[in-house]
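Q: Read top to bottom, the protein sequences are chains S and A. Under the working numbering, residues 24 to 413 are what the first sequence spells out, in order. Under the working numbering, residues 24 to 413 are what the second sequence spells out, in order.
No wet-lab data here; the hints were simulated from the structure. Worth double-checking, as some hints may not be accurate.
What the hints assert, rightly or not - Simulated restraints on C-beta separations:
1. 38(A) with 267(S): 41 to 51 Å
2. 238(A) with 63(S): 45 to 55 Å
3. 282(A) with 371(S): 32 to 42 Å
Claimed, not checked - Which chain S residues stay away from chain A? Per the calculated CB distances, all over 12 Å, these:
4. 30
5. 34
6. 74
7. 78
8. 103
9. 111
10. 119
11. 144
12. 170
13. 175
14. 244
15. 329
16. 341
17. 369
18. 374
19. 393
From a predicted model like this one, the values you see are computed outputs, not experimental measurements. Backbone N, C-alpha and C define an ideal beta-carbon position, used for all residues, glycine too.
Number of protein chains: 2
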Amino acid sequence: MEQTTVTLEFGPSYRKVEVGAIAILAQDAPLKLDSGAEIAAFPLAYQTYGRLNADASNAILICHGLTGDQYVASTHPVTGKPGWWESVVGAGKIIDTDRYFVICPNVLGGCMGSYGPKAINPKTKKPYNLEFPVLTIADMVRAQKLLVEQLGVTKLFSVIGASMGGMQALVWGSLYKDHVRSVVGIATAPRHMAQNIAFHEVGRQAIMADPEWKEGNYINEKRFPAGGLAVARMTAHVTYLSQEALSRKFGRNLQDRERISYGFEADFRVESYLRRQGTNFVERFDANSYLYITRAMDYFDLAADNGGRLSDVFKGTRAEYCLMSFSSDWLFPTSETREIVHALNGVGANVSFVEIPTDKGHDAFLLDEPRFLEALAGFIRRVGKSADAN
Amino acid sequence: MEQTTVTLEFGPSYRKVEVGAIAILAQDAPLKLDSGAEIAAFPLAYQTYGRLNADASNAILICHGLTGDQYVASTHPVTGKPGWWESVVGAGKIIDTDRYFVICPNVLGGCMGSYGPKAINPKTKKPYNLEFPVLTIADMVRAQKLLVEQLGVTKLFSVIGASMGGMQALVWGSLYKDHVRSVVGIATAPRHMAQNIAFHEVGRQAIMADPEWKEGNYINEKRFPAGGLAVARMTAHVTYLSQEALSRKFGRNLQDRERISYGFEADFRVESYLRRQGTNFVERFDANSYLYITRAMDYFDLAADNGGRLSDVFKGTRAEYCLMSFSSDWLFPTSETREIVHALNGVGANVSFVEIPTDKGHDAFLLDEPRFLEALAGFIRRVGKSADAN
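Isolated chain S (complex conformation) (with noise of 0.2 Å):
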């Protein structure tokens, strides 16, 4: 198996970053995309925890959401910030490393490593930029499936995801239901609604209007869109949050001052804190990975690339799921998961189904909301168990 790690560019600044392990994928046949768009000997980073055991029974395929990455319980090598599901990935933890081998890999598309527009096309010398394939989710599955094989893995004991994520799972179900023992769906939905396509197009479109970003050929000129992503990452911030979470975490509490200032400065504590979410996130997300990724969700819509009934998606299904949902995150709101769990039932699978009362909106799946984390680790458990009984 071939494998390296890579230098990669970030931010506006193009500081030099190296990134973890990196598999090239697709290396004797190329992986044909929904694009109708081939894709040859391309690279996918990941990162592994744990030991895969001896029957290659134990391994938990975890599929990150829109802007996160393989550092899922690692230290984040261009933030230095902790691996975003450190709480739950580790040893000892939900998903204990000590039982499992986690694998997480950087989404097609990511720039985290993984293939994208980012990536230098052979024929030009040059990165690919908006010449790179549009993508679907099904496509980032395809390509997770070539490197859960190449990681000796036929069998996943669960797939686990949230937002994004939790669409990545789905399709897992869908497409390789001899290959899951489980999958669990949290804050996710069977299709991408009218307003989160609005909002994805809200981000897009300031990205695009940024000129900056030079029709999508920044990188060639060693320039960046850093406002115009800003802006996108700091409206979809927004929707993570409820607006109980909002009121609760910042109210109308002014930031490092005692009355407002009648001017344009961050007088409101949500105005800096959203300021700061939006230059952070310039400095390890790529302009055009966020337009390729924010596509491929608007794309999803499981239900009509199978034939329009959600139920036959799931068709013969003997996977356990567990889908999850947060009581107020109105991006993925609980009415979302009811339609997969019908399908699911529909079906006579196997599904656990709660919906979390929090008020911490869509994000909560990132925080410490322990009614999640116990009906996860429940989860976890019973499929660990009923694995060891066959």
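Given the coordinates of chain S, work out where chain A should sit on it, guided by the hints.
A: Chain A in isolation, oriented as in the chain S frame:
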């Protein structure tokens, strides 16, 4: 009374358009703003409909929202479209201009002829731009009071507003208790909440990130931050609609095509709709006005501005109040309106309240929403009868 019309320039092309009646206010004594700044002999643009009766008892003041203007019931000189509330205001309509004298001013800080950041600073002979004083909702109301007096009205039959217009109506009821017979607040709030501040901040950042904004001085160079302003409008527009309305109106329907394009064109109808909202908006609105008016809304906190207790704000009122909210309005949810109603009840005020069941979101007040229109008509009729009886 001095009155004139002016020609203003609009949009990225600086197209010249004649705008209607302008009153010059605060000619004898300057108006002191909340920031401490003083303004004198400033213009306020307005439209009137109907005739003031002999005892000046039939005047209704209509306060517009963030991006509205004085063209409430007549053709808009820039867009050529009908007034923004022509379905409600006019001869024989709910707000009957055969019976009432309707006044609709463009807010202080606005861009349709009222004193705002586009105004010329007599000292520099250039637009004020960001040297224009930052405003509050109360400042806008104080300017309206001067206009109403100049038009010969001491006591308004009603002051009516939705969204930011509702904030103004509440301030009228608070500052000028003896000068309003009734107050109608639609889809409004006693303060601007964290989530709303956050969305406004995203819009402001989009404008300020546009290099064409030129640190606020774009007019001096005949430039225009069209891209940033369009993104600000698109973000806001999504928040004006409900998820249900967006799903019903657009769902995942494609625009002028049978299949997705695997590209970044507007595949989905909701995308092309949003892009159109953005491009139309920049033709009629000023970017700096957008900064000033959103800021005024963010600063709005009726209780805090009056010692901390919302009920104190309304103490001693004899006006009849009508508060209305829309069940699917997540920007100005019913819970916010309820706080106003509780405060009014707390001081024994005469208050009607109704939550209109609708899936049309915040913008329902602009749409054909029969139960809302009936409630509004009923309240105006009732106040009219009690006025006749006095």
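Q: Each hint needs a verdict: does it hold in this structure or not?
A: Against the structure, the hints:
The supplied range of 41 to 51 Å is met by residue 38(A) and residue 267(S), whose beta-carbon atoms lie about 44 Å from each other. A C-beta distance of roughly 49 Å is found between residue 238(A) and residue 63(S), which places it inside the suggested range of 45 to 55 Å. Between residue 282(A) and residue 371(S) the beta carbons are some 33 Å apart, a value that agrees with the proposed interval 32 to 42 Å. Even its closest Cβ contact with chain A, about 29 Å, leaves residue 30(S) beyond 12 Å, as expected for a residue assigned away from the interface.
Every beta carbon of chain A lies more than 12 Å from that of residue 34(S), the smallest distance being close to 16 Å; the non-interface claim holds. For residue 74(S), the shortest C-beta to C-beta distance to chain A comes to about 40 Å, beyond the 12 Å cut-off, and the non-interface label holds. The non-interface label for residue 78(S) is consistent with chain A: the shortest C-beta to C-beta separation is roughly 40 Å, beyond 12 Å. With a least beta-carbon separation of about 25 Å from chain A, residue 103(S) lies farther than 12 Å from that chain, consistent with its non-interface assignment.
Taking the minimum C-beta to C-beta distance to chain A, about 27 Å, the non-interface status of residue 111(S) holds against the 12 Å cut. For residue 119(S), the non-interface assignment is confirmed: its Cβ lies about 37 Å from the closest Cβ of chain A, beyond the 12 Å cut-off. The claim that residue 144(S) lies off the interface holds: its Cβ sits roughly 17 Å from the closest Cβ of chain A, which is beyond the 12 Å cut-off. Even its closest Cβ contact with chain A, about 23 Å, leaves residue 170(S) beyond 12 Å, as expected for a residue assigned away from the interface.
Once the 12 Å rule is applied to beta carbons, residue 175(S) is consistent with being away from chain A; the minimum gap is 33 Å. Every CB of chain A lies more than 12 Å from the CB of residue 244(S), the least distance being 15 Å, so the non-interface label holds. Every C-beta of chain A lies more than 12 Å from that of residue 329(S), the closest at about 15 Å, which supports listing it as non-interface. The claim that residue 341(S) is not at the interface with chain A holds, since no C-beta of that chain comes within 12 Å of its own (minimum 30 Å).
The Cβ of residue 369(S) sits about 21 Å from the closest Cβ of chain A, beyond the 12 Å cut-off, so the non-interface label holds. With a closest Cβ-Cβ approach of about 25 Å to chain A, residue 374(S) is found to remain outside the 12 Å limit, as its non-interface label requires. Its beta-carbon lying about 24 Å from the closest one in chain A, residue 393(S) satisfies the requirement of being farther than 12 Å from that chain.
Violation of the numbered hints given earlier is absent; every hint is satisfied by the structure.
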